[in-house]
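Undergrad: Turn these sequences into a full structure, and let the hints guide you.
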Amino acid sequence: MEKQIHPFLDERIEQYCIEHTTSEAPELKYIDRQTHLRFLKPNMISGNWQGNLLRMLTLMTNAQKVLEIGTFTAYASLCLAKGLAKGGVVHTIEKDPLLEDFILSTIEKFGFEDRIKLHVGNAMEIIDTIEGEFDLIFIDADKANYPAYFDKCADRLRSGGLLIADNILWYGKVVLPLKESDKETKAIMLFNDKVSSDSRFDCLILPIRDGLMVARKK
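Each residue of the sequence shown is one higher than the one before, starting from 1065 at the first, in this note's numbering.
You can trust all of the hints, since none of them are fake.
Beta-carbon label-pair distances, calculated as ranges:
1. 1239 x 1193: 36 to 46 Å
2. 1165 x 1239: 34 to 44 Å
3. 1239 x 1206: 20 to 30 Å
4. 1159 x 1071: 22 to 32 Å
5. 1239 x 1266: 16 to 26 Å
6. 1245 x 1090: 37 to 47 Å
7. 1257 x 1186: 23 to 33 Å
In silico DSS-like links for lysine-lysine, alpha-carbon gap of 27 Å or less:
8. 1216 x 1250
9. 1150 x 1093
10. 1150 x 1173
11. 1146 x 1105
Note that these hints are calculated values from the structure, not bench results. Think of the CB as a built atom: it goes at the ideal place given N, C-alpha and C, for glycine as much as any other residue.
TA: Put into structure tokens, the structure is as follows:
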């Protein structure tokens, strides 16, 4: 059995990168702290290093309409919202209704009501209810559905827009012998193959945290 490959970067290099990244905003520190105190699997939040990348990519695309699939405690939602063009909105979809109160109270607490719209339920159904094209789409939800999310979203992204997906290296499992029962790794590998072979997209994978796919639609 091959040893799992994680973390992908030497921890000293990763720490150096984190130390030389724009400081975490107070509202994001609050979400990080509350997530660790109140919720299971707090490591699912994007964190400041990745969060800054999401904010910058949103800024660089001059995004006004963003789709986020998988809200959790809204850390990435606020990062995306901070990069929006004037009048922009992040449509974020969370399947777990138990997270709704925390997400809404956090959005209200920090004055993001006009920039973040929460949808609770099945993303595959909710996406169809949101009209128009998106400037940026961020996928960070149930891994087994990544290929389906790509199929659903690819046509909804404008030309020049960005598709970003988290956990795309899946703790290194994508390059290790695949277990037949491992549906999540299979789905992520299929997603990566779909994106990289789709002639509509230019793409790359960044080994930040658990891996980010960044794809620009031509």
